[in-house]
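Chain by chain, the residues:
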Amino acid sequence: MRRHVSLYGLTVSLPLLIWQLLFFVFPLVFLIALSFWTVRNFRMQPDFDTVNWITMYGRGIFWQAYATTLALATMAAVLTSIFAFPCAYAIAFKLPERAQRWAIMLMVIPFFTSYLVRIYSWQVFLSDAGIINVMLGWIGLGPYGLLNTPGATLLGYVTLALPLVVLLQLFSLIFIDRTLVEAAHNMRCGRLRTVFEVIVPSARVGLVIAGLFAFILSFGDFVSPIYLGGGDPTTLSILITDTTKSGQQWPRAAVIALTMIVTLMIVAFLSIRFAYRGRK
Amino acid sequence: MTLINGGSPGLSRRAALALGAAALATPMLSRRAFAAPTELTMLAWYGHAEPDIVAEFEAERNVKFVPKYYTGGDNMLGLISQSPPGTFDVILSDAEYVQQLNSAGYIEALDPADYPFDEFFPEFQHFPGHWDGDTLYSVITRFGFLGVAYNTDALTEAQASTYDVFWDPALKGKVGHFDWHLPNLGQISLLNGNASPYDIDPTAWDAVKEKTMTLRPQVGGFFDYGGTFSSLNNGQMLAFAGIGDWITGTLERNGAKVRSVIPEQGGLQFTESFSIGKGSSKAELAKEWIQYVTSAKGQAKSAQMAAYPCIVPSQKGWEVLNAENPAEAKRQGMVEGPGSAIDLIRSGRIKYRQLLVQQSLEEWNDFWSDYKGA
Numbered sequence: 001m002r003r004h005v006s007l008y009g010l011t012v013s014l015p016l017l018i019w020q021l022l023f024f025v026f027p028l029v030f031l032i033a034l035s036f037w038t039v040r041n042f043r044m045q046p047d048f049d050t051v052n053w054i055t056m057y058g059r060g061i062f063w064q065a066y067a068t069t070l071a072l073a074t075m076a077a078v079l080t081s082i083f084a085f086p087c088a089y090a091i092a093f094k095l096p097e098r099a100q101r102w103a104i105m106l107m108v109i110p111f112f113t114s115y116l117v118r119i120y121s122w123q124v125f126l127s128d129a130g131i132i133n134v135m136l137g138w139i140g141l142g143p144y145g146l147l148n149t150p151g152a153t154l155l156g157y158v159t160l161a162l163p164l165v166v167l168l169q170l171f172s173l174i175f176i177d178r179t180l181v182e183a184a185h186n187m188r189c190g191r192l193r194t195v196f197e198v199i200v201p202s203a204r205v206g207l208v209i210a211g212l213f214a215f216i217l218s219f220g221d222f223v224s225p226i227y228l229g230g231g232d233p234t235t236l237s238i239l240i241t242d243t244t245k246s247g248q249q250w251p252r253a254a255v256i257a258l259t260m261i262v263t264l265m266i267v268a269f270l271s272i273r274f275a276y277r278g279r280k
Numbered sequence: 001m002t003l004i005n006g007g008s009p010g011l012s013r014r015a016a017l018a019l020g021a022a023a024l025a026t027p028m029l030s031r032r033a034f035a036a037p038t039e040l041t042m043l044a045w046y047g048h049a050e051p052d053i054v055a056e057f058e059a060e061r062n063v064k065f066v067p068k069y070y071t072g073g074d075n076m077l078g079l080i081s082q083s084p085p086g087t088f089d090v091i092l093s094d095a096e097y098v099q100q101l102n103s104a105g106y107i108e109a110l111d112p113a114d115y116p117f118d119e120f121f122p123e124f125q126h127f128p129g130h131w132d133g134d135t136l137y138s139v140i141t142r143f144g145f146l147g148v149a150y151n152t153d154a155l156t157e158a159q160a161s162t163y164d165v166f167w168d169p170a171l172k173g174k175v176g177h178f179d180w181h182l183p184n185l186g187q188i189s190l191l192n193g194n195a196s197p198y199d200i201d202p203t204a205w206d207a208v209k210e211k212t213m214t215l216r217p218q219v220g221g222f223f224d225y226g227g228t229f230s231s232l233n234n235g236q237m238l239a240f241a242g243i244g245d246w247i248t249g250t251l252e253r254n255g256a257k258v259r260s261v262i263p264e265q266g267g268l269q270f271t272e273s274f275s276i277g278k279g280s281s282k283a284e285l286a287k288e289w290i291q292y293v294t295s296a297k298g299q300a301k302s303a304q305m306a307a308y309p310c311i312v313p314s315q316k317g318w319e320v321l322n323a324e325n326p327a328e329a330k331r332q333g334m335v336e337g338p339g340s341a342i343d344l345i346r347s348g349r350i351k352y353r354q355l356l357v358q359q360s361l362e363e364w365n366d367f368w369s370d371y372k373g374a
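Protein chains in written order, with the UniProt record's numbering: chain A, 1 to 280; chain B, 1 to 374.
I should point out that these hints are in silico values taken from the structure, not numbers from a laboratory. Be careful, since some hints might not be right.
Stated by the list, open to error - Covered, in the sense of this in silico footprint (three residues per stretch, anywhere, with C-beta under 8 angstroms from a C-beta of chain A), are these stretches of chain B:
1) 74-84
2) 210-221
3) 228-242
4) 365-373
Claimed, not checked - For the chain B half of the interface with chain A, some residues (derived, Cβ under 7 angstroms), not all of them:
5) Q100
6) L355
7) E362
Claimed, not checked - Here are the in silico distance ranges between beta carbons for each label pair:
8) D47/A - D199/B: 26 to 36 angstroms
9) A104/B - Y115/A: 29 to 39 angstroms
10) Y115/A - A374/B: 21 to 31 angstroms
11) F222/A - D164/B: 29 to 39 angstroms
12) E336/B - G58/A: 46 to 56 angstroms
13) G255/B - P143/A: 15 to 25 angstroms
14) F83/A - K211/B: 37 to 47 angstroms
Glycine is no exception: its CB is placed at the ideal position from the N, C-alpha and C atoms.
The following block holds chain A by itself, in its conformation from the complex:
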């Protein structure tokens, strides 16, 4: 059936359309154009030259950084989802309604503080003379090099994404039809089996979307790889800053940024397709 566009519908959707045009489509078009500009003597010049694409895609460090970023973001999405699930499950199924509201509020609180400050505070825990190594020293262990490692970068990614992932998983779990769980129990299905065969499939869309957000946040993050990973190994976000430090090479940075956007769009498309697979 063909739908008619009403004035009311148009009025309501117009701000979103304008917003998307102004802050997504136009900048994206400019970014694409910028990737074909050239730089001469520190000055960008409008042009249509594929040199930036050829140069960046021809460099080993670009693909190395790409693989590193992809791997770290995937690990962050998986780890964050695994850490978040027991928490979201407990809030959704074990807590009374009043306690659920408190738990949701506690999950929102991390968003009130600066991510940068939270990452810097991890340095106090992870450094060689930090809290963790001091405590390990009490039982005769360490010190271990925890800071400036890929593991520390992952910890930063989890710090960034965990509250959001818990919330998204929670909203997905809360709306699961409880009669399905009761039916599983009535049919002598064990608790763990109920989780994996009833709850997880029922909440699949929400769980996948939550993991996708963890991936998106981690893939583009600059703060954790720099301040917890010590800039080593190089991620795509670090490579962007490196590129701009070289004689105003913003067009090459645009190539990296566009590659990141395309990657995120592909991952988002595949994730959503997986999430809704088999649904009508």
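Here the structure of chain A is known, so what remains is to put chain B in place on it, guided by the hints.
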């Protein structure tokens, strides 16, 4: 209560008029006190428009600085190129970027007679890169040296007095880099014995690359401005390449056990200088600021900047600093005589950090990215 000429009690009409006129005229008598301050925009590294440096000038001239801080010369050029002419009244730049600013037409020519060059050490009276022939474009205000920064608990000054210390097995994973190719690779170039570290032929450049790559297993991280401070402060990095007293001096003042030394292979020198932005509508005021900050009093203040200390090129400035804060003058080597900052320059141990002569900046930066990813 007495009524005089039917006026208000105790106040004649004439007195009331006089009082009213005086009240109305008061703001006119002290217009400066009531006038809104003139805004002067400054593009600079962090700290240059903070109260410890500009408060006195602001109060004297009824000026309010509006700073825009950058981190690095490329960032500065980017900000200028993306802004309309006249956006920035005063621009602070490292020497190697002054020529870029000039060739792009971003800065005004200056009259050398306006500035106290006669109070400067001779080495800074005609500083290379700030002049185009006999035309002056920028006035040097501060400089500093880059060498080996080290944790004083982990290394002695004698141990840190060579760039070879970065390869010490005891420092594996504890060597940090300030994440900018120019100072780091310049230092390796010095270690390789290049008298002009930034003017090297392809063979020497290959040797620099090869030597640098051997350092990679020792490196614990590549840090920006904030990361450099914290990793030195918390002892995570025990030796640092690409920086000097401008970082360790600030930390040392706050009690951290770090210091910088100029190694036997020599050090690099960076400079900071002020220019007047092209198209500035407040060029006269900008000129007065540069005069203030290059005066003996301004120089002493600048040397002790809270954000990061630096050496100043004014001999008179050294005298004022020695009178005001002899300990800081001594710490920074601003006491004339053997071992002073100027003595280091005159003995040939210091080379200017500059743009590359035989390679492109891009070539060095691309190698730097490869090195980081190795």
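> For this structure, which hints from the list above don't hold up?
Replying inline: Violated hint: only 6; rest satisfied.
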